[in-house]
Amino acid sequence: MKVKSKKIKLQTKGKDQVVNVTDEVKQAVADAGVKEGIVTVFIYGSTASVTTIEYEPGLVKDIRNLDEKLVPSNASYSHDQTWGDGNGYAHLRASLIGPSLTVPIAEGVMTLGTWQQIVVIDHDNRSRSREVIIQIVGE
Amino acid sequence: MKVKSKKIKLQTKGKDQVVNVTDEVKQAVADAGVKEGIVTVFIYGSTASVTTIEYEPGLVKDIRNLDEKLVPSNASYSHDQTWGDGNGYAHLRASLIGPSLTVPIAEGVMTLGTWQQIVVIDHDNRSRSREVIIQIVGE
Amino acid sequence: MKVKSKKIKLQTKGKDQVVNVTDEVKQAVADAGVKEGIVTVFIYGSTASVTTIEYEPGLVKDIRNLDEKLVPSNASYSHDQTWGDGNGYAHLRASLIGPSLTVPIAEGVMTLGTWQQIVVIDHDNRSRSREVIIQIVGE
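Chains as they are written, first to last, in the working numbering: chain A, 1 to 139; chain B, 1 to 139; chain C, 1 to 139.
Take the hints with a grain of salt, since some may be wrong.
[As the list claims (entries may be wrong)] Below, simulated SDA-like cross-link-like pairs (lysine to any residue); rule was C-alpha separation at most 25 Å, straight line:
| # | chain 1 | residue 1 | chain 2 | residue 2 |
| --- | --- | --- | --- | --- |
| 1 | B | Lys69 | C | Lys2 |
| 2 | A | Lys26 | B | Tyr44 |
| 3 | A | Lys9 | C | Thr114 |
| 4 | C | Lys2 | B | Met110 |
| 5 | A | Lys61 | B | Ala106 |
| 6 | A | Lys61 | B | Asn74 |
| 7 | A | Lys26 | B | Ser5 |
| 8 | C | Lys7 | B | Tyr44 |
| 9 | C | Lys9 | B | Glu36 |
| 10 | B | Lys6 | A | Trp115 |
[Claimed, not checked] Quick list of the computed label-pair ranges, beta carbon to beta carbon:
| # | chain 1 | residue 1 | chain 2 | residue 2 | range |
| --- | --- | --- | --- | --- | --- |
| 11 | A | Gly86 | B | Pro57 | 35 to 45 Å |
| 12 | A | Lys35 | C | Lys26 | 30 to 40 Å |
| 13 | B | Lys69 | A | Asp31 | 22 to 32 Å |
| 14 | C | Lys26 | A | Arg126 | 45 to 55 Å |
| 15 | A | Val109 | B | Asp85 | 33 to 43 Å |
| 16 | A | Gly84 | B | Glu107 | 45 to 55 Å |
| 17 | A | Gly33 | C | Glu68 | 47 to 57 Å |
| 18 | C | Glu56 | B | Gln11 | 24 to 34 Å |
| 19 | A | Lys7 | C | Trp83 | 45 to 55 Å |
| 20 | A | Ala75 | B | Thr82 | 38 to 48 Å |
| 21 | A | Pro57 | C | Lys13 | 37 to 47 Å |
| 22 | B | Lys69 | A | Arg126 | 40 to 50 Å |
Simulated from the structure, these hints should not be mistaken for lab results. Backbone N, C-alpha and C define an ideal beta-carbon position, used for all residues, glycine too.
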């Protein structure tokens, strides 16, 4: 049993940019040499989230529209009165979807469906430098 | 420390069918002989999700109604224009709830509440054969 | 490799009280002496959830308002017709956000952002005694 850790850096534009990190996580799993175990993908920071989606342009638009409908960017949030940075909606979207995803590793590969990609969504209202932590536990 | 893996197959009708998989996961934990650790329950595919709920008929109806309210099945989605399979809403519901759940194992059993069951929700718009991966790490 | 487990008890007022448990989880990680690994934070019960948020009074108000908008407490739920306990909305909010969070541990500390705190949200409609299970796997 071992633990392997990898950090990847992303430059995002914010505004619900959806970044497909599946290849980077696959590579980290391959490099770790773990045959059976789990991998946790975690986004550092409170205005971005991690989930899976079929990564294709239509759904990327759809999830942005859904976020805008459920947590509108032009509504009034108490957070913005506290800090004045205007990204209260981004925090809420991030908390709703969540910052963490754990995927099984079986026979050396993640048990993802063919149309199931791991994505980071940057909900913030500006460009950000992001760090994704990939933590692999297994044997 | 060891890793134990089990796959279970489900036949679902889609349309937000809620499947209680608690007994199957409990059995996998018992079979693994792990006293202290964690179990990850992961659904393969991008139109289903995993969470916990009190599994009773009222809440099953309520969560379907909630999904329909938050992500209506009769709205227009860009995904459907791409593929024409009409299940854009199912992808979005799945990404919102998420495909993965990790539960602690203590003294040989999962630390679930009495009224807290592990469920797979199949959001797709048709019958599906599903695979759930149960990955146990512990000692 | 080892597994370390800790339970913490919370007294909450329910009604979407947001409880910052970051310090307790940090302490558990430090006590475990794990340098590289993962920590799972899990809430026992089906009317509370775990996520990360920037813990400041504005966002605490905002997330309560968001929950009230997405899953209103004064709407009619089938669960309440089953049990008559009037907390159907609390179950739904809990299932949507989810009961579990897994965070990497690197160089002995959790990889949380500066403004990213681990919180338990008690969605129930009354005071509750809660148990949070912190499960650490690593070396």
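Check your understanding: In this structure, is the beta-carbon distance linking Ala75 (chain A) and Thr82 (chain B) contained in 38 to 48 Å?
Key -> 30 Å, violated
Practice item. Go ahead and decide if the range 33 to 43 Å is satisfied by the Cβ distance of Val109 (chain A) to Asp85 (chain B). Key: Between Val109 (chain A) and Asp85 (chain B), where Cβ atoms are some 26 Å apart, the hint is violated.
Practice item. Starting from the range 45 to 55 Å, see whether the pair Gly84 (chain A) and Glu107 (chain B) falls in it by beta-carbon distance. Key: 49 Å, holds
**Study point:** Distance restraint evaluation - Lys7 (chain A), Trp83 (chain C), Cβ atoms, bounds 45 to 55 Å
**Key:** With a Cβ separation near 47 Å, Lys7 (chain A) and Trp83 (chain C) satisfy 45 to 55 Å, so the hint holds.
Check your understanding: Is the Cα-Cα distance between Lys26 (chain A) and Ser5 (chain B) 25 Å or less?
Key -> Within the cut-off at roughly 19 Å; holds.
Exercise for review: Assess, step by step, whether the Cα of Lys6 (chain B) is no farther than 25 Å from the Cα of Trp115 (chain A), and give holds or violated.
Suggested key: With Cα atoms ~22 Å apart, Lys6 (chain B) and Trp115 (chain A) stay inside 25 Å; holds.
Practice item. Verify the proposed pairing of Lys61 (chain A) with Asn74 (chain B), using a straight-line Cα cut of 25 Å. Key: Status holds; Cα separation ~17 Å.
Check your understanding: Does 24 to 34 Å hold as the CB distance between Glu56 (chain C) and Gln11 (chain B), or does it fail?
Key -> 47 Å, violated
Review point. Quick one, are Lys26 (chain A) and Tyr44 (chain B) close enough, alpha carbons at most 25 Å?
Key: Distance ~16 Å between Lys26 (chain A) and Tyr44 (chain B) Cα, so the pair holds.
Exercise for review: Return holds or violated for the Cβ distance of Lys26 (chain C) and Arg126 (chain A) against the range 45 to 55 Å.
Suggested key: The hinted range 45 to 55 Å is violated for Lys26 (chain C) and Arg126 (chain A), with Cβ atoms some 29 Å apart.
Check your understanding: Between Lys7 (chain C) and Tyr44 (chain B), does the CA-CA distance stay at or below 25 Å?
Key -> Distance ~31 Å between Lys7 (chain C) and Tyr44 (chain B) Cα, so the pair is violated.
Review point. Range hint 37 to 47 Å: satisfied by the CB atoms of Pro57 (chain A) and Lys13 (chain C)?
Key: 45 Å, holds
Checked against the numbered hints above, the structure breaks hints 1, 5, 8, 13, 14, 15, 18, 20, 22 and satisfies the rest.
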